[in-house]
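For the protein sequence lines, the chains are A and B, in the order given. Quick note, the first sequence lines up with residues 0 to 241 if you use numbering that gives the first Met the number 0. Quick note, the second sequence lines up with residues 0 to 264 if you use numbering that gives the first Met the number 0.
Lysine to aspartate or glutamate pairs mimicking DMTMM-like chemistry, simulated, CA-CA at most 20 Å apart:
{"id": "1", "chain 1": "B", "residue 1": "LYS105", "chain 2": "B", "residue 2": "GLU95"}
{"id": "2", "chain 1": "A", "residue 1": "LYS205", "chain 2": "A", "residue 2": "GLU36"}
{"id": "3", "chain 1": "A", "residue 1": "LYS47", "chain 2": "B", "residue 2": "ASP170"}
{"id": "4", "chain 1": "A", "residue 1": "LYS139", "chain 2": "B", "residue 2": "ASP151"}
{"id": "5", "chain 1": "B", "residue 1": "LYS105", "chain 2": "B", "residue 2": "ASP116"}
{"id": "6", "chain 1": "B", "residue 1": "LYS141", "chain 2": "B", "residue 2": "ASP170"}
{"id": "7", "chain 1": "A", "residue 1": "LYS214", "chain 2": "B", "residue 2": "GLU148"}
{"id": "8", "chain 1": "A", "residue 1": "LYS161", "chain 2": "A", "residue 2": "GLU98"}
{"id": "9", "chain 1": "B", "residue 1": "LYS141", "chain 2": "B", "residue 2": "ASP165"}
{"id": "10", "chain 1": "A", "residue 1": "LYS168", "chain 2": "B", "residue 2": "ASP193"}
{"id": "11", "chain 1": "A", "residue 1": "LYS214", "chain 2": "B", "residue 2": "ASP161"}
{"id": "12", "chain 1": "A", "residue 1": "LYS168", "chain 2": "B", "residue 2": "GLU148"}
{"id": "13", "chain 1": "A", "residue 1": "LYS214", "chain 2": "B", "residue 2": "ASP151"}
{"id": "14", "chain 1": "A", "residue 1": "LYS168", "chain 2": "B", "residue 2": "ASP151"}
{"id": "15", "chain 1": "A", "residue 1": "LYS61", "chain 2": "B", "residue 2": "GLU247"}
{"id": "16", "chain 1": "A", "residue 1": "LYS47", "chain 2": "B", "residue 2": "ASP165"}
{"id": "17", "chain 1": "A", "residue 1": "LYS47", "chain 2": "B", "residue 2": "ASP161"}
{"id": "18", "chain 1": "A", "residue 1": "LYS47", "chain 2": "B", "residue 2": "ASP260"}
{"id": "19", "chain 1": "A", "residue 1": "LYS61", "chain 2": "B", "residue 2": "GLU228"}
{"id": "20", "chain 1": "A", "residue 1": "LYS231", "chain 2": "A", "residue 2": "ASP193"}
{"id": "21", "chain 1": "A", "residue 1": "LYS161", "chain 2": "A", "residue 2": "GLU143"}
{"id": "22", "chain 1": "B", "residue 1": "LYS121", "chain 2": "B", "residue 2": "ASP170"}
{"id": "23", "chain 1": "B", "residue 1": "LYS256", "chain 2": "B", "residue 2": "ASP139"}
{"id": "24", "chain 1": "A", "residue 1": "LYS47", "chain 2": "B", "residue 2": "ASP151"}
{"id": "25", "chain 1": "A", "residue 1": "LYS139", "chain 2": "B", "residue 2": "GLU148"}
None of these hints come from the bench; they were simulated from the model.
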Amino acid sequence: MQKRTFPILAIALLVSSAASTKAGRFTATSAANGTVEGVINFTGTPPKMRPIDMAKEPTCAKQHATPVMTEAVTTDEGNTLKDVVVYVSAGDQGGTATEAVTYDQKGCQYIPHVAVLEANQPMDIYNHDQTSHNIHPMSKANPEWNKSQPPGSPPIHVTYAKPEFIPVKCNVHPWMHGYFAVLGTSHHAVSGNDGRFSLKGLPPGKYTLTAWQEKFGTQTQEVTVTSGGTAKANFTFKATPY
Amino acid sequence: MGKLFAIIVTIITIVSTAIFMSHHWMPPDFSQLGVGIDHQLAETMVTSGILFVAAQLVLATFVWRFADNNDQRKIKIFPGGATPMVVGAIILVGAEILALTLVGSKIWASIYVAPADPHSLKIDVQAEQFAYYFRYAGPDGKFGALHPELIDPSTGNFMGLDPANDTAARDDIVTATLAVPVNTPVVLELHAKDVSHAFYVPELRIQQDFVPGLVIPLHFTATRLTKSEIVCTQLCGLGHYNMRAYLEVLSADDFKKWLNDQSGQ
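So here's chain A without its partners, still in its complex pose (with noise of 0.2 Å):
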């Protein structure tokens, strides 16, 4: 009995110091069940959102009734944010997703505004417009490319190897714009229309949180989760008009 107890126990540790390993310092018998919470404000001006005439390219000018309005600064009433994209950028391991982020060109528009994907997460991006797009990210630390994509293409397959904020653009619309969050983290979450963000799944422990908006750069704090319980933590950035 006692023999056939031994390798079960040792299995049992192994497996717990895995997943020790990989929650970093935190206890391995914690469950990953807390939860960081917040809303994104601004203090001051923020930049006027600018209608998109988009008159050029009928075929995408006819799927908006309303114009399509510039996002790189998104506010709602209360003073809110949203795509402010919210990670834990120390205290966690590195992201594991596999499944493959979706990236959308539909009417002339980057859907979404603000794509996040771990390291090495696949990432199809699509042309779903009758006309021709030309997707350009332009990457610093990963290589960098533009790929043509007339409509009716397949999607384009790409990974990320290194986190990055990339600024993506079409070589044809230049309107169109958007942002891909290559992180190193797998517990992120980016703001909705109201600014708030939720991260769930968090094993207890402290971690530092960065929320990141594409003008108004990034802003950082602590947070302590415990097991099962939910932390708060809000971000205020400082908005000029220009």
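We have chain A; now place chain B onto it with these hints.
The following block gives chain B in isolation, referenced to the frame of chain A:
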């Protein structure tokens, strides 16, 4: 055989001329200078058309008359050989082209040499791969300076204005459609962001290249309320086929309202 050839040449000449003359090739113009340009074009077409028909018919006549001539007579040659004939032809054709140039230079100069009306509405035009952007000075009547390093399409700053430091730039209105008031002289200042492009509105009868590094003025007065396409006619890259914008000619009131709507955005 020679007679058959003469008949075919005559038929081709008459049919092609008839087809050409039965169709009006130019879109209706709405430019103040359009009438003059169309007149000049017609003059050129009629002159060269008459010469074309005459030359073909002379050719047919000679073939009819002499092609089947097998009477072994010595072939007569042009007095003095080929040289005086070639020289004569060059002088004749050259004189024709020179005459057309002299006659046509007045209307050409009225577009490309004559300065714009000093009270013209000034519009700054930027061509880039693969779109046009138009800038109006706004209520202060002044254009802000351009700073290419500040160009940022993500915020709609396509031209590189510096509203933070440059008060003249704050009320500048940048649009993707060119609207102009009817019967008002307009002067465009064309500049390119990247490579060579062109501004062509067939109905205005004007066509002008954008050349990177140069600011090229181009003036016109639109005379009819209409909407037409501005197309790029200088191969500028992958999306050239799709590079266009729209020109809208509005009444003075509608233009004011349109401009106001654009600035309110």
